[in-house]
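Work out the full structure: start from the sequences and follow the hints.
Protein chains: 2
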Amino acid sequence: MSINNHERSSSRYGSKIADATVGRLSRYYRTLKHLERQETETVSSEELARRNNVTSAQVRKDFSFFGAFGRRGLGYNVKALKQQLGKILGLDQEWHLALVGVGNIGHALLNFSQFQEHNFHFTLLLDSDPSKIGSKIDGMEVKNLDNLDAEVKNGHVDIAVIAVPVEAAQKVTDALVGAGVKAIFNFAPISLFVPPDVTVRNENMVIEIEHLSFVLAQQ
Amino acid sequence: MSINNHERSSSRYGSKIADATVGRLSRYYRTLKHLERQETETVSSEELARRNNVTSAQVRKDFSFFGAFGRRGLGYNVKALKQQLGKILGLDQEWHLALVGVGNIGHALLNFSQFQEHNFHFTLLLDSDPSKIGSKIDGMEVKNLDNLDAEVKNGHVDIAVIAVPVEAAQKVTDALVGAGVKAIFNFAPISLFVPPDVTVRNENMVIEIEHLSFVLAQQ
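Protein chains in written order, with our numbering: chain A, 1 to 219; chain B, 1001 to 1219.
Check the hints yourself; a few may be wrong.
[Said to hold, decoys possible] Have a look at the derived ranges for each label pair, beta carbon to beta carbon:
1) B/LYS1153 to A/ALA168: 37 to 45 angstroms
2) B/SER1056 to A/PRO195: 21 to 29 angstroms
3) B/GLU1208 to A/GLY180: 20 to 28 angstroms
4) B/ALA1080 to A/LYS79: 53 to 61 angstroms
[What the hints assert, rightly or not] Distance condition first, Cα-Cα at most 27 angstroms in a straight line; then the derived DSS-like pairs of lysine-lysine:
5) B/LYS1171 to A/LYS33
6) B/LYS1061 to B/LYS1087
7) B/LYS1033 to A/LYS171
8) B/LYS1153 to B/LYS1182
9) B/LYS1153 to B/LYS1132
10) A/LYS79 to A/LYS61
[What the hints assert, rightly or not] Footprint (simulated), chain A over chain B, 3 or more residues, beta carbon under 8 angstroms:
11) 1051-1057
12) 1089-1099
13) 1175-1186
14) 1210-1219
Hint data in this document are derived by calculation from the structure and do not stem from the laboratory.
Beta carbons: idealized from backbone N, C-alpha and C, even for Gly.
This is the structure we're talking about:
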C-alpha cells in the first residue's frame, strides 16, 4: 500500500499522461462546449491557448498524446474536437457515484448540478447515522454504511465520493477498496492509503483558500 | 489585464514561492495540527514527508525558503513549527470573506465549517435575486449585488468568493477589483481576467472528477 497522489495517470495512449495534461483537456473541453453553444464551427490552437492561459505549442503538445486532431492552418472543428476530448475524458459514458457521508459537504455535492450535467450521477448514498439511514434524499434512500460492501457491489459504483469526518476516512477507503472501487474522490482533509490500481483525487477547499491568505499575509 | 492563474506567488521571502510549495505548507500544517492533538512533541522531516507523500529533502527544501525551523537530528518542535507555518500561511489572522452568489454552492460554502475553523469568516453576502435580497442566513442579511462597491468597502472584505453563474463571473470580478479586492476564490468554471496585483484561485470539482473518469475510461 502506498499513498496514491498520482502525478501521472496510466492511459491506453502509450506513455503515461501527466495529471496537468488531463486537467488542461478538461479545460479545453469546457471552452469547446462554450464555442459550440455560440455556434462557432472552427477554432485555432492559438484561440484555445488564449482562452486557457497556455501557449499554442502546449495545446498542440497536449493533443499530440492522443493523435492528431486538426490540420495545420485550418484549425479544429469545434464539434468533432469536443466529441474526441469528451471520449478521452470518459464523458461519453454515464458514471455511477456513491456518496459516503451525507453531511454538509455531501448535501452540497448532491445539489451540485454540474455533476449531473457531465454524466456523473449519484446512485448510492451511505451514512452511519441511525437518524439518517432510511431517510430519502431526491428519492434515494440513505443506506447503512455497515452494508457498504454489498451496497457498492449491487450498485455498480464507478466512483466513490468520501465526505465523512477525517477520523473515518481511511476505514471507509479500505472498505471501498475491498468492495472493488477503483476511483475515489476524497473530501476528507487526509492523504489516503490505497493500492496502486486505485486512483484518488483530493478536494481540499481549505488548502486552496490558504493560498489566498498566504498571499495576503505577505502584503 | 491578463488571465491570472498564478503558478508562483509573491512573498516577502525574497524569491517567488511556487504554488506547489504553498500547498505543501498547508498540508504540513494539517499534519502538525493532527500531531499536536495527539500530544506529539517533536517530528522529523522524514515523518512529515511520509505523511504527505513527499521526500524528506522536499520538506527541508520547502522550509528553507522561510528560514531554518529545526536542528539536524533533533527534529522539529511540533507546536513551534505549527505556529511558524500558521503565521506564514496567514492563519494567525482573521479573514473576512464576501460571498457573491447565494445559490447551491454558496449555501454549501456557508455551511462548510472548516472555513470557520481556520479563521475564514463570511461577513458579507451578495446576490442579485430580489427574492433573496433582504433575507437572512445565519443572522446575516443578503445584500443587493448592485451595491457591491459600497458593501465591499464598508465590509473590509479580504477575500471574495465567486459563486455566481458563469455568465456573470467576469462582470462580478471587475466590480470586486474596482472595489479594491485583492484575493478571489472562484467557483465559476471560467478563467477570470484580473490585474497582476489580484490573486485568483480556481475551484473546479468537475475538472477534478473528470480525472477519475479519464482513468476509468482508459481501463
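Now the hints, each set against the structure:
1. B/LYS1153 to A/ALA168: 37 to 45 angstroms: holds (43 angstroms)
2. B/SER1056 to A/PRO195: 21 to 29 angstroms: holds (24 angstroms)
3. B/GLU1208 to A/GLY180: 20 to 28 angstroms: Distance hint for B/GLU1208, A/GLY180 holds at roughly 22 angstroms.
4. B/ALA1080 to A/LYS79: 53 to 61 angstroms: holds (58 angstroms)
5. B/LYS1171 to A/LYS33: Status holds; Cα separation ~21 angstroms.
6. B/LYS1061 to B/LYS1087: Given pair B/LYS1061, B/LYS1087 holds - Cα atoms ~18 angstroms apart, limit 27 angstroms.
7. B/LYS1033 to A/LYS171: holds (21 angstroms)
8. B/LYS1153 to B/LYS1182: holds (12 angstroms)
9. B/LYS1153 to B/LYS1132: Holds. B/LYS1153 to B/LYS1132 sits at ~21 angstroms (cutoff 27 angstroms).
10. A/LYS79 to A/LYS61: Within the cut-off at roughly 20 angstroms; holds.
11. 1051-1057: With 3 residues in contact (Cβ-Cβ under 8 angstroms with chain A), the coverage given for the region 1051-1057 of chain B holds.
12. 1089-1099: Coverage by chain A holds here, the residue count being 5 at a Cβ distance below 8 angstroms.
13. 1175-1186: holds (count 4)
14. 1210-1219: holds (count 10)
Of the numbered hints given earlier, the model fails none.
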